[in-house]
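Protein chains: 2
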Amino acid sequence: MNIPKSSFPRVVIIGGGFAGVALAKKLSKKELQVVLLDKHNYHNFQPLLYQVSTGGLEPDSIAYPIRKILKDFPNFYFRLADVSEIDTEKCKVISNIGSLKFDYLVVASGSKTNFFGNKSIEDNSMEMKTIPQSLNLRSLILENFEDALLTSNLHERNALMNFVIVGAGPTGVELAGALAEIKKGILPKDYPDLDTRTVQINLVQSGDRILKEMSEKASKKAEDFLEDLGVHVWKNVRVTGYDGNVVTTNSDLTFEAETVIWAAGVKGAAINGIDGEELLSKSNRIQVNEFNQVKGFNNIFAIGDVAQMTTDQTPYGHPMMAQPAIQQGKHLGDNLLRLIENKPLKPFKYKDKGSMATVGRNKAVVDLPKFKFQGVFAWFVWMFVHLFFLIGFRNRLVVFINWVYNYVRFDREARLIIRPYKNKFKP
Amino acid sequence: MNIPKSSFPRVVIIGGGFAGVALAKKLSKKELQVVLLDKHNYHNFQPLLYQVSTGGLEPDSIAYPIRKILKDFPNFYFRLADVSEIDTEKCKVISNIGSLKFDYLVVASGSKTNFFGNKSIEDNSMEMKTIPQSLNLRSLILENFEDALLTSNLHERNALMNFVIVGAGPTGVELAGALAEIKKGILPKDYPDLDTRTVQINLVQSGDRILKEMSEKASKKAEDFLEDLGVHVWKNVRVTGYDGNVVTTNSDLTFEAETVIWAAGVKGAAINGIDGEELLSKSNRIQVNEFNQVKGFNNIFAIGDVAQMTTDQTPYGHPMMAQPAIQQGKHLGDNLLRLIENKPLKPFKYKDKGSMATVGRNKAVVDLPKFKFQGVFAWFVWMFVHLFFLIGFRNRLVVFINWVYNYVRFDREARLIIRPYKNKFKP
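For the record, the sequence lines run as chains A and B.
Residue 38 in our numbering sits at position 38 of the first sequence; the count goes up by one each step and never skips.
Residue 83 in our numbering sits at position 83 of the second sequence; the count goes up by one each step and never skips.
Isolated chain A (complex conformation) (with noise of 0.2 angstroms):
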């Protein structure tokens, strides 16, 4: 890779998210040499994927170039670049653009889908982590209403405007309350011609209750929310596949649907090199230390979600959310640059913000560590965090007059088959 030498010590951040972004700011303008390498150009805020897909927002404003974010950072360089291997003893990264010698190395690379191996699963449904799988996922959805209109087979109809979300963690009840806005508030006028009563947005979840992160009273309160906007909430069911067609779980129960949205699972986006008994095999997380020190090694760390900190208030680690991502970038940030000048490191703290998640207009709900709230100040509570902790003014200004337009509008109005997805497969 074509980075300069320099006098300062190499540190190498491998992912640009939450968590490898706020160790970057931390360590502008040290006597460091950072290079940060990620797959994209850009900064995503994965929160709002939900309403990419959705056509409530646009993907560029919730994208921001990374190369932007680091330009007033002197010994800051950015490639674009797929790591596929740390090779821990020559202390080099290995990717498809060619290998890098670091001095520090922080993993930073995040999480992706896990499907728990259940392939049919896998090959059939769609993920929402990446900001081309949330338009692959808008174009779908849109592509079903068109279809729909062109069949007369009524079996072939209803398994089009079925939609079947996977996992009723923040990401399904947000999806699944969005589906069920534009269902009451769109769909109608969109497609007169067609009998949109007959939609049907299903939200599983294998254990007793949504949201199972949150408090009792968040998940009641969800729930109830979802079932007066009229989402099926099935509980207590697990899917075990899904074909294209039919929809199995670990019951009787069956669905017809074209579109199942897996939101059930997520896993370290570990890496090859890391693979000892330091990899987590059941979370494909690397293990780390309180200081994010990655086990065994003193000059390589993890931070957000593809670590994991198993301490005994963390049996299985920290959630994986953006929070304890920017707490640990910062936070090595500061330790690093303790490491450097021979201090002794001081252990991460988790600190919980609390939670919160949002169902639909003036439906939210808010977990803070010393009260929690729900409904209408909590939903304007969820906007005011979610447009803060955006990056970039225009970012925020333009998702401001989105939310602003779509809730006096009652609209969303990119709904836009930018791309098909279908046609990938029909050429």
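If you are wondering where the hints come from, they were derived from the structure by calculation, not from laboratory data.
Mixed in with the good hints, there may be bad ones.
[To be verified] Far from chain A, by Cβ distances over 12 angstroms, these chain B residues were calculated:
1) R10
2) E146
3) I186
4) K220
5) D228
6) S251
7) D252
8) N272
9) G273
10) A322
11) K351
[As the list claims (entries may be wrong)] So the derived label-pair ranges between C-beta atoms look like this:
12) I401/A <-> V376/B: 51 to 61 angstroms
13) F384/B <-> I401/A: 58 to 68 angstroms
14) S251/B <-> E122/A: 51 to 61 angstroms
Glycine included, each C-beta is placed from N, C-alpha and C at the ideal position.
Please arrange chain B on chain A, whose structure you already have, making use of the hints.
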């Protein structure tokens, strides 16, 4: 095609561009069944595609869902369909989703890029007629800069940073100006480790002036503006081939370039079935009379880019631009109603409202019928007119905010490679 029977006469419109949409609006609330067919589910504002390619605007804000345009019109049907043939004898259109009988047919299928039969150019150069094509170009431009960083081969690096735009109509001029502004304002910050002064922007024109449809003064001033921005303008040079590496011309001049944008010609997007003497072989446009009626038919019409109305004033038809398309759409709307009521048709008369092109910030040229002006004021007029013709309040607002932001910050934030272009070839 699954369209309900109706006692009203059926008008089928092929194409939801400027002409088709203007016509559809005229026919709303009349005693007609109107079926609009388009390959895309959105209307796209072509004059701003170059800003999508250069990261200044989101694609979603220059597109508008066709269903939303039609939503308050009774007896209107939209179908996402690719029409392959017109059966003029049996009065039906044949498409990928089946066939449909019509009482009246309006072909408003627009235009496509004209490579004048040059296969090497067609295979290797980029087009900018649709949103996906514009996004491909955006990706390619950005990928080229990323690749330029990786190579130490000076030859290869120069080719990656050499842009050749063929054709100096409004599209070519506007794109060249936008690229020049990126070179000046964004590249040095984004790529501090690349000598971006070596970026070359070449605008090649076979005629002896740029913007040849505009006044001599506009041409001259636009050329000055481009030269101020560092664009190389080549006049009286005809590009003869491009093998993916080297652009050849009718002179000794050649360019080694990875990116060639072909903006040197368009032709009508005529449809099989109307291919007798009514189809003009050179322009691939359908010959129509002064009522936009296709030669030899009473109930088949063509409007917009695909129609060529040859008169003494317009020996090559009207310019293939938004204005004639909109005017013909509106005019035909009135004429169709006259035809149905057995009233005499009124001939179409084009009102030339003038033309304009922008080169960069504070740099535009405007030719109005009564007076011509260039510079800052022209630039404001250009922006105002383009905002005015955009469909939809949200789109106008989002575009306006992006323009203000880009102007104040000398920035273009949508420099995102959402779907890599080169990766299509390199798996």
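Ascending list of hint numbers which this structure does not respect: 2, 3, 12, 13
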